[in-house]
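Colleague: Sequence:
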Amino acid sequence: MNDKTAVERADVVAMIASLGDRTVAEIGDQIDSMQLAWVVNQAEQRYGVEIDLTDGQYARMGTVDGAVEVLREAIAAVPR
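Start counting the sequence shown at 1; every next residue gets the next number (this note's numbering).
None of these hints come from the bench; they were simulated from the model.
Hints should not be assumed to be uniformly reliable.
If you anchor each label on the Cβ, the simulated ranges turn out as follows [as the list claims (entries may be wrong)]:
no.: 1; residue 1: G20; residue 2: R46; range: 16 to 22 Å
no.: 2; residue 1: G28; residue 2: V78; range: 28 to 34 Å
no.: 3; residue 1: G56; residue 2: T23; range: 29 to 35 Å
no.: 4; residue 1: R22; residue 2: D65; range: 26 to 32 Å
no.: 5; residue 1: P79; residue 2: G28; range: 33 to 39 Å
no.: 6; residue 1: G48; residue 2: R9; range: 18 to 24 Å
no.: 7; residue 1: G20; residue 2: A77; range: 25 to 31 Å
no.: 8; residue 1: E8; residue 2: E50; range: 19 to 25 Å
no.: 9; residue 1: R80; residue 2: R22; range: 31 to 37 Å
no.: 10; residue 1: V24; residue 2: G56; range: 24 to 30 Å
Note that the Cβ used here is the ideal one computed from N, Cα and C, for glycine as well.
Build out the structure end to end from the sequences listed, making use of the hints.
Modeller: Structure (structure tokens):
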């Protein structure tokens, strides 16, 4: 995996924490809809891509690990 798609769990947790000015230790595994929208927006900015997710991909992003997996797939699929 190259640097452009190297989304890690710690990255997603940090993105969620920045939404509510919380510490990473305060972030659980579940992601609500506001956090999900924020994570997608932050990933687009951080990785310089436009992420176009399907309903199925959104459904898989209910947890931090699910979000990491989907973001890796989505970013890797963006034409360079």
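Colleague: Taking the hints in turn, state whether each one holds.
Modeller: Hint-by-hint comparison with the structure:
no., hint, in the structure
1, G20 with R46: 16 to 22 Å, "18 Å, holds"
2, G28 with V78: 28 to 34 Å, "29 Å, holds"
3, G56 with T23: 29 to 35 Å, "32 Å, holds"
4, R22 with D65: 26 to 32 Å, "19 Å, violated"
5, P79 with G28: 33 to 39 Å, "35 Å, holds"
6, G48 with R9: 18 to 24 Å, "21 Å, holds"
7, G20 with A77: 25 to 31 Å, "30 Å, holds"
8, E8 with E50: 19 to 25 Å, "21 Å, holds"
9, R80 with R22: 31 to 37 Å, "34 Å, holds"
10, V24 with G56: 24 to 30 Å, "28 Å, holds"
The structure fails to meet hint 4 from the earlier list, while all remaining hints are met.
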